[in-house]
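Participant: Build the complex: two chains, separate frames, hints provided.
Letter by letter, the chains look like this.
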Amino acid sequence: MTPRWRTRLLVGLALAVVAAAIYFPILRRRVQRAARLQQQSEEQARRELTLTLPANPGQPRVKTKLFWASSTEDGVLVPTTVDLPLSDDPVLRAKQVLNTLLAGPVDTELRTLPPDAALLEFYLLPDGTAIADFSEALATSTPSGIQSEQLAVDSIARTLEADVPQVQRMKILIHGQEMETLAGHLDLMGTFVVNTKPSQAPEKPAQTPAPTPAPSGKLTPGSAPGKLAQPEHKP
Amino acid sequence: MLLDVQITLRSVVFLLGGLLPFVLGGAALESFSPARAQTQPATQAPVSQSTQAQPGIVPPVAGQTQRGGLSVVVLDPAHGGTDPGARGAGGMRESDLVLEFSDQARRALEAQGFRVRQTRQGNDDPSLDDRSAMANAQRGTVFVTLHISSTGLPGTVRVYTMTDFPAAAGTTGMITWDRAQAPFLDLSRKLGDIVQGQLSQSFKGSPSSAQAAAVRQLRTTAAPAIAVEVSSVTVEDRADLVRMAPGVADAIARGIAAFRPIYEASPAASALP
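Quick mapping for you: the protein sequence lines, in order, are chains A and F.
All letters in the first sequence, in the order written, are residues 1 to 235 by the working numbering.
All letters in the second sequence, in the order written, are residues 236 to 508 by the working numbering.
If we strip away everything but chain F, and leave its shape as in the complex, we get (with noise of 0.2 Å):
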């Protein structure tokens, strides 16, 4: 008898625990929801400025002459670490995608005779201030940053300046860390439209000239510095979106060595130490 009720016993477990993965699966799904996950931050915690602020810095008087040409280029590819960025359909991160886009850029402008610094070269995320100090940190030097949108008609490039903003320099002549491109924002410009142009004749529907935007990577370099930003993570196949690096970083290299010129007539460029 005691052994029957065993073996029953053993029977209710076995046939039970056929029932324990659609309970738990169940409970599972309904624990992640797309809905849930989008409601993550996508962006870094909020640092207040003055945690992160660095020392007034950048360029101090005008009146210097001109040490150097345009000789470096820093490469940012957005986001990394923590932050995804924009997120699309089988995995597909912006954090993945811009280091093959900046990869490529490095190769097309080293092939211009540029040195090429990038702001990480695998999955960390330096922040934001460290990025623009990179750049801040060289002489002869503009800063492109990438970026893989959520939004947009797909296979477009848009390129991106900051927004006007007074430059408010001190008594010093120093600019401070936050206002840091304000000089810079014709060369940003002229730069970006330059860049532009050529995405725009490789990327059909892509606007032609740059746009401004309050980005808040370019605000504090102090240097010619543009946003490039690839549409989109909506495609429904990532090879779409690699597929277009190689035209992408081929106009990036292209833009930039038209600008050189641009760059060296330059006043901003010639104020620096």
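Looking at chain A on its own, in the form it has when it is part of the complex (with noise of 0.2 Å):
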């Protein structure tokens, strides 16, 4: 190789080098927004999944209560009414308000639920116990802390009592099992009271809904929903 080639070939190399340089960062901002994409696709997949369709489109629309953390007061809920076609079914009731719930409000500085986590299942028992098994995003992707679990957890609780009256008492399942905590904080291993009104039947479709007590949001530990019930005996 003589002596012009060789030059010729360093001076390409080192120009491959600078293109190499300004190239890869782009590149791999290019590859991260394909990540993101890629995990906004995958939730949108899961979404879809688990979401329960109503079982009559055609149904009318009810008022439905959704609850959400306060634009303006820290760590409290506030009721959020949409219109839903809502099933005569509790479960199917119970999952469409709880996806509704999971996907979020308009302003997502308000979410109590992390945006990946999904309802898997729902089961409702005889006795108005309720069982919500979600996906592992709502164990790890909730903040860690008393008060952000605990939020998550009334939110849930008090959607339920605002829009499934059959539901008396809630457990909370993560992909299937039984959890310590929530997010290290929040007991999982009990019921959560959801209503301690007796069973009422589900409201009409077009009727005004039922009223609900004291729908301002603020949490009372004494008879707020959300609080644990009956801790599961153990021998």
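Rather than coming from a laboratory, the hints here were simulated on the basis of the structure.
Computed from a predicted model, the values in this text were never measured in an experiment.
A couple of the hints might just be wrong.
Capping the alpha-carbon separation at 16 Å, the derived lysine to aspartate or glutamate pairs in EDC-like fashion look like this [what the hints assert, rightly or not]:
no., chain 1, residue 1, chain 2, residue 2
1, F, K439, F, D399
2, A, K65, A, D83
3, F, K425, F, E499
4, F, K439, A, E73
5, F, K425, F, D399
6, F, K439, A, D74
Facing chain A, a subset of chain F residues (Cβ under 7 Å, in silico) [as the list claims (entries may be wrong)]:
no., residue
7, A321
8, M327
9, R328
10, S384
11, S385
12, T386
13, G387
14, Y395
15, A449
16, V450
17, R454
18, E464
For glycine and all other residues, C-beta sits at the position ideal for the given N, C-alpha and C.
Facilitator: This is the structure in structure tokens:
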């Protein structure tokens, strides 16, 4: 190889290094953007898989209360009323309202549940005990802390209380498993009180919703849903 | 000619070596994204209750006389070990911060004449039951678990007590381990309200009374028990939280001192062996 070709080769390689130095950060940003899009697509696909469609799409819409964080007061839930074509079947109805709750409010800052969490299954026992099985993201993506974990559970309990009167208490599972805590603090070994009133018939569509007590959004320790009830007795 | 080829090859290797950091750096950044980091479980692996629950314990029958006043405070700096708790900017970890809060609280409580035990001194992570056991093994005790939140209005402090749940004592009069807090709920609420009242004077925006929450750590504690949660790791500077420690410590110490006569007059405390 002549010195001239060697020089050309070295210059060519040097140019390639410079080009790579410019191109790699751009490539990295593109890959990151693609990864984010893929993550969003996966989340969307998961939601579509788990989202329960209304039993009858032509069903009249009813006013549904969803509890998200207050924009003005720290650590407080407030109800937002939306019109949804809810099923009369309590299990389908619970899936519909919880999936809407998981989808989150318009202002994402007011979320109480992580965006990648999904409701995997919902069961309702004859005694009014509901078993809500969520994906692992509910445990891994809920911010660690008593306040944030309590708000997450309270938003589920209060939404069920307002919209699915058959649910008296609720047990939360994570991916089919009983967990000791939600994200390190809140006790998941027991059930949470949802509705202290006797079970009522589901609200008829197109009717005024049954009045719910004190929709102030302020949680009161003594009577609010979401409090732990009946920890399972262990021998 | 052979020498030329060797020189050229060395040059190529040298130049390609210059590319490697870009390639590897990009790959490393790809493999560590905050989103992935957040998906790591913040909690311990779930352990079935049957493997961790201890045999039925706690306060036996009522009617025994009180043998002493409130003299011991068990401080529980939460998390530790592989569980950092809430994480903030610049590597801020709840598990480290609560140790500093606990040290301050210990000094303030000792100044009030209390004996203080801590569930951990360093970066270890005793189980939730082991932490409760430290309080359950003492007489004349209150239990305070210390936390820093991930959310909430920075500069505020909240006190939590366990939510209602039935005591369900067995035929032996024993309270089972997993419901050990039940007989102490009223005392815990009184203690929580007093401490929260003290905190609200020092930290504006904090609630004026304690709130109820199903805090797992409190459920197995057979003593008046509260959780104190400082907001939050969202502060930009760790020093903002550290500056709160003396105020939080003093409020806890003053609150527990004010609670002492209530504790000593209560039937639940008198029933302790």
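Participant: Are the hints correct? Go through all of them and say.
Facilitator: Hint check:
no., hint, result
1, K439(F) <-> D399(F), "violated, 28 Å"
2, K65(A) <-> D83(A), "holds, 9 Å"
3, K425(F) <-> E499(F), "holds, 13 Å"
4, K439(F) <-> E73(A), "holds, 14 Å"
5, K425(F) <-> D399(F), "holds, 14 Å"
6, K439(F) <-> D74(A), "holds, 13 Å"
7, A321, "holds, 5 Å"
8, M327, "violated, 13 Å"
9, R328, "violated, 11 Å"
10, S384, "holds, 4 Å"
11, S385, "holds, 4 Å"
12, T386, "holds, 5 Å"
13, G387, "holds, 5 Å"
14, Y395, "holds, 5 Å"
15, A449, "holds, 4 Å"
16, V450, "holds, 6 Å"
17, R454, "holds, 6 Å"
18, E464, "holds, 5 Å"
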